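Model the full assembly from the supplied sequences, consistent with the hints where possible.
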Amino acid sequence: MIILGDFDWVNGATAAPLDLLWAVFYAVIEVGSFDVLEYKLKVDGEWMLDRSNRYFRFGPFGPNSAIYRSNRSRLALVGPVHSPELGNDRMLYVYLPSAYFTDPKARFPVLYMQDGFNVFTNPQAPFGHWGVDASLDKLIPAGLVEPLLVVGIDTPDRVSEYLYNDITLDMGNGPKKVVPRLDSYGEFLKNTVKPLVDATFRTRPEREATAIAGSSFGGISSLYLAWTHKEVFSRVACLSGSFWVGEKGIARWVREAEGDVGSRPSMRELIAANENQVKPSDLKIYLDCGDTEGGKTSYAADSWVTTDWTRNALIRQGWTNRAEWDTDQDLATAPEDLPPDTKPTKVPHLAWAASPPKGYAGWADYLGVGQNLLCLVGHGQEHNEAAWAKRFRAALIFLFPGPEVGKP
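Residue 59 is where the sequence shown starts when you use the numbering used here, and the numbers rise one by one after that.
If you are wondering where the hints come from, they were derived from the structure by calculation, not from laboratory data.
For lysine-lysine, the following DSSO-like pairs were computed, each having C-alpha atoms within a straight-line distance of at most 30 Å:
1. Lys337 x Lys248
2. Lys448 x Lys354
3. Lys288 x Lys448
4. Lys196 x Lys163
5. Lys354 x Lys234
6. Lys465 x Lys163
7. Lys416 x Lys404
8. Lys248 x Lys288
9. Lys234 x Lys306
10. Lys306 x Lys235
11. Lys235 x Lys248
12. Lys404 x Lys354
13. Lys465 x Lys416
14. Lys448 x Lys252
15. Lys163 x Lys288
16. Lys248 x Lys163
17. Lys163 x Lys252
18. Lys401 x Lys306
19. Lys306 x Lys354
20. Lys337 x Lys306
21. Lys448 x Lys404
22. Lys288 x Lys306
23. Lys416 x Lys401
24. Lys465 x Lys196
25. Lys416 x Lys448
26. Lys416 x Lys354
27. Lys448 x Lys401
Quick list of simulated restraints, FRET-style, between CB atoms:
28. Asn249 x Ala164: 25 to 33 Å
29. Asp224 x Lys354: 27 to 35 Å
30. Glu289 x Asn129: 32 to 40 Å
31. Ala330 x Asp161: 43 to 51 Å
Bear in mind the structure is a predicted one, so any value in this text is a computation, not a measurement. Ideal placement from N, C-alpha and C gives every residue a C-beta, glycine not left out.
Quick look at the structure:
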């Protein structure tokens, strides 16, 4: 066995078996001071992770085992996790804040995120990554976000697992009707993933400390699961949620909706019917979108129009949002569902900003942290990981505000 890593990726260090313990190998490696030390094992010519060490880091050629400085945040690898509900396996990638190691008695809230392979800093993510670990390593010490665990959930079949509606999609080999499995995926999160995470790490398992988030199909799926499983989740973030799903007659405006948008209702119709009897006090909701597609700004871009319609449905059910949508300025009427061809300059909205804009007294005022609904629009931003990585910091501050958020 050879151990290769940041100390020497070329020759490495040979690990020898211990006397009388032939299955246990050891090596003495001298290293200087370090923040994170990445390494891999090479056994009979094959590279592999150290199965005795759950901590890892994404590298340019896949995950590496990692040794972290004792007071530093870490990523942990869990799995493969089998899903009896779906009949498949996947990995979980878990962010643990530095407080998890400096305060060994503390327990932490948990955020479950879709598309787990893209959530953390990962040079192998095919469409880019969110860098949530890097963002939290800045936001938590700054007091803008409370310490929390983030669980990135991988998926072997994201389209089917993230949809509740039997839409028709062309994935490059002709239009096909999707077999939706989101309800089964929700049971997997509830009955398999969450109990495993709660048993493995020091979490706060109660619903009040449990959130879910995602983007695109992962965005609409997150709101759907939070809406149908209020006994599990109390907070949700939906970035560029595919709220066109189920919206009849919108194909002219939304490219993805050119096929069949499904036989079940849209998300806003599910909210309006409210068969699950979800109350505003049950769920804190973050929504956002961009305003650009193919370099052109429009109200139909990046599901902006259907995100607004979804927000409006929530407001009609009693959720409270910043008043940027209120065209008559008296909060006496519910917001209007504007048509997709409305000029962007005529659409009242709250624009995303990297820091509180002039005129707001800090983050709490800008994001309306004390309210239960926030909807942001990223100017010039399209449907991609780079945009979601930027805006997700606002979602974290809104859903998990730290002690410094209320200060100007």
